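Okay, here's what each chain looks like letter by letter:
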Amino acid sequence: MTETTDAARTAGTAGGGAPAATAAAEPMVRVENVYKSFGRLRVLSGIDLQVRPGEVCVVLGPSGSGKSTLLRCINHLEKIDAGRIWVDGELIGYRQRGGKLHELRDKEVAAQRRSIGMVFQRFNLFPHMTALENVMEAPLCARLGTKAEIRERALALLRRVGLGDKVDTYPRQLSGGQQQRVAIARALAMQPKLMLFDEPTSALDPELVGEVLDVMKDLARDGMTMIVVTHEIGFAREVGDHLIFMDGGQVVEAGPPREVIAEPKHERTRAFLAKVL
Amino acid sequence: MAEAATTERARPEPITAVPVRHPWRWVAVAVLAVLVAMFVHMLVTNDNLHWSFMVDNMFRPPIIEGVRGTILLTISSMAVGLVLGLVVAVMRLSANPILRVVAWVYTWFFRAVPRLVLLVLCGNLGILWKRIEFGLPFDRQIGALFGVDDFTARFYGVDSLSLLSGFTAGLLGLALSEGAYMAEIIRAGIQSVDPGQSEAAAALGLSRGQALRRIVLPQAMRVIVPPTGNETIAMLKDTSLVAAVPITVELFYQLRAVGVRAFDPFPMLVAATIWYLFLTSILLVLQYFVERYFARGYGRTERARMRLREIAAETGGGGAA
Ligand SMILES: Nc1ncnc2c1ncn2[C@@H]1O[C@H](COP(=O)(O)OP(=O)(O)O)[C@@H](O)[C@H]1O
Ligand SMILES: [Mg+2]
Chain A
1 MTETTDAART
11 AGTAGGGAPA
21 ATAAAEPMVR
31 VENVYKSFGR
41 LRVLSGIDLQ
51 VRPGEVCVVL
61 GPSGSGKSTL
71 LRCINHLEKI
81 DAGRIWVDGE
91 LIGYRQRGGK
101 LHELRDKEVA
111 AQRRSIGMVF
121 QRFNLFPHMT
131 ALENVMEAPL
141 CARLGTKAEI
151 RERALALLRR
161 VGLGDKVDTY
171 PRQLSGGQQQ
181 RVAIARALAM
191 QPKLMLFDEP
201 TSALDPELVG
211 EVLDVMKDLA
221 RDGMTMIVVT
231 HEIGFAREVG
241 DHLIFMDGGQ
251 VVEAGPPREV
261 IAEPKHERTR
271 AFLAKVL
Chain B
1001 MAEAATTERA
1011 RPEPITAVPV
1021 RHPWRWVAVA
1031 VLAVLVAMFV
1041 HMLVTNDNLH
1051 WSFMVDNMFR
1061 PPIIEGVRGT
1071 ILLTISSMAV
1081 GLVLGLVVAV
1091 MRLSANPILR
1101 VVAWVYTWFF
1111 RAVPRLVLLV
1121 LCGNLGILWK
1131 RIEFGLPFDR
1141 QIGALFGVDD
1151 FTARFYGVDS
1161 LSLLSGFTAG
1171 LLGLALSEGA
1181 YMAEIIRAGI
1191 QSVDPGQSEA
1201 AAALGLSRGQ
1211 ALRRIVLPQA
1221 MRVIVPPTGN
1231 ETIAMLKDTS
1241 LVAAVPITVE
1251 LFYQLRAVGV
1261 RAFDPFPMLV
1271 AATIWYLFLT
1281 SILLVLQYFV
1291 ERYFARGYGR
1301 TERARMRLRE
1311 IAAETGGGGA
1321 A
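Chains as they are written, first to last, in the numbering used here: chain A, 1 to 277; chain B, 1001 to 1321.
Source of the hints: derived by calculation from the structure; they are not laboratory data.
One should not assume that every hint holds.
Computed footprint of chain A on chain B, listed as stretches where at least three residues anywhere in the stretch have a Cβ under 8 Å from a Cβ of chain A [to be verified]:
| id | segment |
| --- | --- |
| 1 | 1187-1199 |
| 2 | 1207-1216 |
Restraint-style ranges between C-beta atoms, simulated for each label pair [unchecked claim]:
| id | chain 1 | residue 1 | chain 2 | residue 2 | range |
| --- | --- | --- | --- | --- | --- |
| 3 | B | F1109 | A | D165 | 52 to 62 Å |
| 4 | B | F1151 | A | R143 | 45 to 55 Å |
| 5 | B | D1149 | A | Q96 | 47 to 57 Å |
| 6 | B | D1194 | A | K79 | 15 to 25 Å |
| 7 | B | S1281 | A | K79 | 52 to 62 Å |
A few chain B residues that don't get close to chain A, going by computed Cβ distances all over 10 Å [unchecked claim]:
| id | residue |
| --- | --- |
| 8 | P1012 |
| 9 | T1016 |
| 10 | V1029 |
| 11 | W1051 |
| 12 | V1055 |
| 13 | S1076 |
| 14 | I1098 |
| 15 | E1184 |
| 16 | L1204 |
| 17 | Q1219 |
| 18 | Q1287 |
On a predicted model such as this, the values are computed, not experimentally measured, just so you know.
All C-beta atoms, glycine included, are put in the ideal place defined by N, C-alpha and C.
Go ahead and model the full structure; you've got the sequences and the hints to work with.
Right under this line is the structure:
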């Protein structure tokens, strides 16, 4: 996005394919020693995390361990107290100039967020807009082309998540699974380099979980870089390239999902997995 | 087991109970019927009502002028009040404590002072200043600082008597007061929107202004529109207070003037009642359609809930009264 962009990475992300070719490149997400407190409650204490382009990072952890807060820090919905976060080589929320950090302006923060898609547990679709209008809204605001072009792309995205026939439906009239798929299409409309999922299936009835996970698997196959907070162990095992287990605002254990799930090294990981499996 | 038991038994015969009688309801209906009959009889037979005098006079040119003045004043005070209200509401929700305090003082002051007092006050502002001029603030003091006597930097000025008499004064008083009520209504509306909405907008890269304009306000409208309709109706009625400014191009003043001149005031008071009923009914119809527009995307139960809220707001009293 800025001067740090090199040709290899542009090809890797814009093309959306071949994560193996860019595996050696600089990480898409670099979280370094991040601290965050709400008043006197410390929620993140010294988080480190790296996600390479095209990788799917699964975040596990008990409720209140700071998973949502970590995701919200990555797109600067929350200000961190200490540490640094880079996405695609760009420092999030600040500009380093002459050894000093300067806060970014509202507009600059908004520009950074455009390359980071986020999907919420409660969908947060805009209820006064149809599915199509929901998907078109952000590209229209960012002027990513003419209205006709944006509309075409939005329609294609809705077809891709299997909702080509629900284009003119308001969120209220959609099932939870359909709403979440619209929300994913809405995030994809900004052509993000990174997608953050915060428990995307936790608010769904069990029979609707599969359709959302399928869309996410599809995205992963296409080479999207993703950080997914979830309790779906099957998904973690099947799709995840990397897994971290958080507890008390710290990364307790990290590694390849199959290994961590099969034989967790840490006692807290073991206790948690015993509960969700 | 229970199933087996029911199939063995015969289907019970349908209930034919004697319904509960409500004699007092019928007594109430009878009393009301008598009262209505008495009222209608009075309307028809009372000679002092002078129906023909009323009908002859309630559509005369000065009255129609008055109707236009009333409508113009209602629309313009509501428009200015709405803009003021939006600005004050956003200030109230700002992160800056000074903006918040200024907004709070504004709403406190203009909600505390009765509209009638405010209108008389605005009509008499000419006593404070002879002329109203726009230019560099504190120009005389700045001039004195640099040793220049009589330094002025003003590029536009008007006679305050011509500016602050009549329509402008009435508009000023009503709009300032309305701004305070609208600020509270808009603030409540904005706060009623799920914070997840601005969060989703922010995550999509919308700026704060875009999120407010395109995501939050349209949803807040569902909460803002019903009380705003009530405010508009209250405003229509409160324009009758501007006689105190004084403004004469206004419906109630004109009707009363006719009655007073003819030494026959009562028929024109009835005419005023009919005129206000008519104008208010138009507003009620408009309100219905505007509300329906902003309720799109919400189910029928949600709309019913909205109507309930509105009724609650109406019985809770509009801004003025
Ligand atoms: N805006 C906030 N203000 C105060 N406390 C918060 C806020 N957001 C989260 N918390 C607290 O931070 C802790 C971690 O929250 P969260 O990141 O949502 O956990 P998780 O997503 O892992 O369940 C919780 O104790 C929560 O109550
Ligand atoms: Mg959470």
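Handout entry: Ascending list of hint numbers which this structure does not respect
Key = Result: hints 16, 17 break, sorted rising.
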